[in-house]
Structures are given as structure tokens and as C-alpha cells.
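Participant: On the provided structure of chain U, position chain D as indicated by the hints.
2 protein chains.
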Amino acid sequence: MDNKKEIFAGIIVIGNEILSGRTLDTNTSTLSIWLNSLGIKVQEARTIPDIEEIIIQNVNELRKKYNYIFTTGGIGPTHDDITASSISKAFGIEYGPHQEAMSILEKYYKPGEFNKGRQKMAHMPIEASLILNPTSGAPGFYVENVFCLPGVPSILKSMLGGITNKLVGGDPILSKTINLRTVESEIAKSLKNVQDMNKNVEIGSYPFFKAGKLGVSIVLRATNQKNIDKCNLEIMSFIEEKKIEIVEKN
Amino acid sequence: MDNKKEIFAGIIVIGNEILSGRTLDTNTSTLSIWLNSLGIKVQEARTIPDIEEIIIQNVNELRKKYNYIFTTGGIGPTHDDITASSISKAFGIEYGPHQEAMSILEKYYKPGEFNKGRQKMAHMPIEASLILNPTSGAPGFYVENVFCLPGVPSILKSMLGGITNKLVGGDPILSKTINLRTVESEIAKSLKNVQDMNKNVEIGSYPFFKAGKLGVSIVLRATNQKNIDKCNLEIMSFIEEKKIEIVEKN
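So the sequence lines, in the order shown, correspond to chains U and D. In terms of the working numbering, the first sequence has 196 at position 196, counting the first letter as 1, and numbering is strictly consecutive. In terms of the working numbering, the second sequence has 170 at position 170, counting the first letter as 1, and numbering is strictly consecutive.
Pulled out of the complex, with its shape left as it was, chain U reads as follows (with noise of 0.2 Å):
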């Protein structure tokens, strides 16, 4: 958009749970949010079963692909956390005890309690860096763009802090939200023609059922608010003209 550069990320999330639906996945849509934030624009999210193969093969198509990866899950204590062992593989990168996370977790455990189980969390490529985490002390990791968090959703984003000053952006995305008293085919041809004049915005058309009413939620993207702004103004004559009620939603 405006030819300014563009940083793209990618998400893969790692998790037997996830893709047998009795876990819903939030992590996606709080690292989007917060990406967007820091001008990085999430290209893609796969979310894939706890398996090596899969794992090195995802990740090494990804991180080729996008500027940043990020992936959730399958780095605790039990016998299917195997993102961090998978990630070694996939860089070629010796795996074991890390020796800086070693040292974090023997001081955040009483002596004694730094088990077998706690100490698998330790277990890394060994040249990773670490991402700290301030609720629950097993740390994530990065190796080159690879971003490795946990996959519980409360202990993941009180990580992201730690990393953002590790990641470049680009400009940040903005945004704006109209909702409408309408049904989507009221306003498809124009909201059309406006998309059509207007290619360095992205406008999403999203129906909603609210109390009992419908309506659409256009949304505008772009990076630059000139432009958001001139959308909003075309957008804002053809509803006067068609006389459709603008609404809150939230």
C-alpha cells in the first residue's frame, strides 16, 4: 500500500486440540492484533497436528515465505510438546539444555523441584534466544525469524512485551469501522465502486445479527488515514443518498 514496505508474518499453531475442536484457538487473533499494532500484517495462520514431519515442514515453508513466524504450543513438560525438539531439526541446530534457561528455571523453582519434567522445558535449540516469561518462568524461544510461545492463551500474551522490540514493522495499520442499518446486497455495486477507485484501502464487508436486527460492518484498512478518510467520505454519500441508518454495534 502506498508503495511503503510491507512486513508480513505468518502464524503456525501447533496442537492436536486445536484441530479436534475441543480447544478453541484465541492465539491467532491476539498475535493479529497485536502484529497490526506494530505494522505487520499477518499473511496466513495454519493451525497443525503434533507431529515432527509436519512441524519441520510448515515452519521451513513459512519462514522462507514471510519476514516473521510465530508458532503456539508444544513447548511444556509432556511427551507431545515437541515443537521445541521439531524447531532444531528445522534449522539444523543442535538440541538440549539451554544453558540461560536452565539458570531461570533452577532459581524459579524451591530446590528439589526442578524435576525431570520442569527441566524438558529448558530443552531447546541451543542457540536459541530466549523470550521471557513473567507468569510461569519456562521461557519461549527465537531462532533467526521464529517466533516459539506457549499455547495457553493468559501466559502467551503476557510474553509478547518481552519480544516486540525484536521485531521491525512497517507502518502501522489503521482502521476504520461503519456499521450499517442494511443487508450486504443494499450496498454490494456501490461499496464496489468505491473499493474499485480506492485500490490502496482494504474494504471488508461483514454482516451482523444484533439484537435481533441485521446489519453490516464495512471495514476500511490501510496505512495511510488520507486515504481511509476520502473512503469514508464516498461511503458516507451513498449512504445519506440511500437514506441507510448509521448504528452502533458495541
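One thing to keep in mind: the hints can contain errors.
[Stated by the list, open to error] Below are the EDC-like pairs computed for lysine to aspartate or glutamate, each with C-alpha atoms no more than 20 Å apart in a straight line:
(1) U:K65 - D:E234
(2) D:K107 - U:E186
(3) U:K64 - D:E61
(4) D:K65 - U:E186
(5) D:K243 - U:E113
(6) U:K192 - D:E61
Don't read these hints as lab results, they were simulated from the structure.
Facilitator: Just chain D now, with coordinates in the frame of chain U:
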């Protein structure tokens, strides 16, 4: 598992609103639970933007890889709804007014209300089979093994019943969950032993927080109830030995 035939599905969520974090995707979870009940295992879910070449590329890659593909989103009347035309291109089938869909929508709307925008919802690969929509009229469709559903969760849900008999599933995937008042590192070694001795059961371990207390859910999944029961007994045995309490989670 058990040398029986496994049937796999892939999900493609199409929509910038998911990748921006604006909308939380719940359709993957809905589809996964439903497919599991039919003996179909979701092996991958991808969220991709509303960009034609990306939709075509992902559909063509995944439809060869899995038995069934489900897409959600992008079949409405506005300019950003490009799933139907993209699927036409992916299969090399003409995109145009679908006779049966046109006829359904003509009857659905009042005379004079079947406008251009609404007619777009009857445009799709002309050889597609329809998926009826009991909620809001506009049908989904399928071509070969690719099933295209809308993005609005309540509408998507209402359409699943209509395609159940089009899918051939494998053995239903059974599961058992055991919730324990413990932490993962306490059971990691014993659980790994059980997994190593029961390769035909997929054992997942998921930490949880409930009412301020930590716990772990162990999830056993297999197509054979006897294998689950055997695993369960072995887990009960080490739980008793370690004096770990079983708790209700919900």
C-alpha cells in the same frame, strides 16, 4: 490406528477479518467437532486472505492432499466475496449464474427484491452441487471434494446437516478426558511410558486454570474403545500411586 482406514479433511478459512484479529474464528472448531463425529480427522486448518491467487493455490494444494476440503467465508454479495469465482478458476469450471441456485433465491425473495447483489450469491461454478441454507436462503456449494460454506457461524452450522450424507467417514474417533489436580511436570514421565506402550491411542496433556487452581486434562483419542480403556487403566494406576486427585472440570 488399528490398521483401519483413516479419512482426513483440511479446512480453509477465507477472510481478512480473521487475519486482522477483528473476528475470532469459531468455524474451525465447529467443523472439527462435527467431522470428528463422522469419523473424519481434521489434519490442517489454514486461514488465508481474500486474494484470488492465494485461494486458488491453497485449494488446489489441499484438495489433492486430503479426502475433503471445507472452505468458510467469501460467498456473500459484496466485492470482497470471491470464493465462488476463485473455486471456479481452481477447477477450470465456468463461473456464472447457477440455474438451481437462481431458482431458489428467486422464490426466497419477495418480487422485485432479487436484485443484482443477491443474484451474485447464485453465481458460482455452474456445475457445482448445492448445499442448502435453511437460515438465509443463499446456498453453499461443492465441487468434487471441496465444500464451500459461508463465514457467518450460525448460518454455517445450520447447513451442515444437509451434507452429512455426502461424506464417507472412517471409524468414529472416540475420546476420554481425565482431569487431574496436578501439574504436567509431575506426570510427564509416567504419561510418556503409557504413550510409548499404547501407540494406537493419541494421548494429549493440557494444563488448565480453574477457580484459581492448576490442573491437567489428559485426553485419550482412538477409534477403538478397548485401547482407550487399557490406556485409562494404566493412567489410573500411576495416578493412584502418586496420590493425585481426579477432579471435575466443568
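Participant: Please list, smallest to largest, the hint numbers that this structure does not respect.
Facilitator: Failing hints, ascending: 1, 4, 6.
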